[in-house]
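**Student:** Keeping their order, the protein sequence lines are chains A and B.
According to the working numbering, the first sequence is numbered sequentially starting from 51.
According to the working numbering, the second sequence is numbered sequentially starting from 8.
It should be emphasised that the hints constitute simulated quantities derived from the structure, not laboratory data.
All of these numbers come straight from a predicted model, not from anything done at the bench.
Some hints here could point you the wrong way.
Unchecked claim - Quick list of simulated restraints, FRET-style, between CB atoms:
(1) B:Leu-15 <-> A:Glu-170: 50 to 56 Å
(2) B:Ser-92 <-> A:Ser-112: 18 to 24 Å
(3) A:Ala-194 <-> B:Ser-38: 25 to 31 Å
Claimed, not checked - Part of the chain B face toward chain A, derived, beta carbon under 7 Å:
(4) Val-42
(5) Leu-46
(6) Leu-47
(7) Thr-69
(8) Asp-105
Virtual Cβ for every residue (Gly too), placed ideally from N, Cα, C.
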Amino acid sequence: MTAKLDASALIYLGKADLLSLADKVYHGLAITTSVYNEAVTGGQSAGHRDAARIARAVRDGSIQVVSLALAAQNLLNRATFPSALGPGEQETIVEAAAQQCLAVLDDVRARTAAVVMGIEFCRTETLLLEAMVAGLISLSEFEASLLRLAQVRNMKASELAELLRLGRLISEGLQHDRTST
Amino acid sequence: MTVQALNLGRLNIEAETLETLNLLAQWQSTSRAQVIQRLLRDGARQARIEYAAGLYGRGDLTLEKAALMASVNIYDMMAYTHAHSILPPGDMAELRTDVASMLVRRKQYELAAQVLQIEPTSG
């Protein structure tokens with residue numbers, strides 16, 4: 051399942067050096083041209099180093115840039131998104147809907163729109179939990195990755211504490227499953 | 008940069024501000040009009056960023072839309088909200104639901120139920 055990333059998720063994953071882990075979790079990452087223009091073209095012209103890092107990931111093929119297909123374009127024209135969303139988020143949601151794949155969305159308003167459109171989505175922090183569930187990282191690696199992400203995203207302490215608690219709960223549950231089978 | 012004339016008529020300015028403007032013009036070896044022009048430009052830009060970031064902090068806009076509204080790139084808006092600890096409102100129940108949805112997608116049904124049933128942390 052390829053995941054479509056919006057600009058915030060893409061940049062935060064890049065800043066925390068977690069793009070290759072995200073690629074392994076979803077077997078492919080894609081962004082729309084609007085997200086590319088915002089995160090790469092706009093970022094590079096303003097001299098942001100993170101934009102250059104994402105540009106490299108696009109060049110080496112770990113992130114695919116997709117233009118909206120006709121079905122997604124039609125969906126975008128028909129959908130009435132709230133004005134709180136940017137063009138990159140709108141494109142990411144309709145592209146995920148048209149391709150029936152997952153969207154990685156870090157903004158609550160974007161996630162609400164995704165619920166209305168009936169698409170599957172995750173956040174960057176739940177992506178890390180998913181990597182642990184998929185057996186790609188250990189609990190300690192999850193915790194280290196989450197701390198990196200929390201630092202770049204300026205995550206609330208209460209959210210970080212809850213995610214660390216959920217990580218331990220899930221890790222124990224997975225271990226219990228493995229020992230009982 | 009395109010420049011347009013703005014006639015402010017008889018704009019009243021406090022004596023202290025006027026003194027500061029005169030001092031700045033003197034220190035920077037420039038005219039008072041140029042000092043006012045620069046301060047207005049920087050202040051208007053800053054006010055626009057502050058306003059859009061405030062809407063993001065209230066959860067009224069996404070970060071991308073806030074950057075668009077402030078006419079800055081998303082990296083600059085990220086840096087601004089980070090520096091000023093501006094965070095949109097979080098919802099623990101929504102977070103647990105999103106974690107449970109991921110677990111259901113991964114066919115971890117019992118774990119998903121556990122996540123939804125645990126007592127919320129205080130704070």
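**Student:** Run every hint past the structure and note whether it holds.
**Tutor:** Quick rundown of the hints versus the structure:
For Leu-15 of chain B and Glu-170 of chain A, the hinted distance range of 50 to 56 Å is satisfied, since their beta carbons lie about 54 Å from each other. For the pair Ser-92 of chain B and Ser-112 of chain A, the beta carbons lie near 32 Å from each other, so the given range of 18 to 24 Å is not met. Checked against the hint of 25 to 31 Å, the C-beta distance between Ala-194 of chain A and Ser-38 of chain B comes to roughly 56 Å, which is inconsistent with it. Using the Cβ-Cβ criterion of 7 Å, the hint placing Val-42 of chain B at the interface with chain A is not satisfied: the shortest such distance is roughly 27 Å.
Annotation: interface hint on Leu-46 of chain B violated; nearest CB of chain A at approximately 23 Å, more than 7 Å. A least Cβ separation of about 23 Å between Leu-47 of chain B and chain A goes past the 7 Å threshold, and the interface hint is therefore violated. The beta carbon of Thr-69 of chain B comes within 4 Å of a beta carbon in chain A, closer than 7 Å, and the hint placing it at the interface holds. The closest approach between the C-beta of Asp-105 of chain B and any C-beta of chain A is roughly 5 Å, which is under the 7 Å cut-off, so the hint is satisfied.
Of the numbered hints given earlier, the model fails hints 2, 3, 4, 5 and 6; all others are met.
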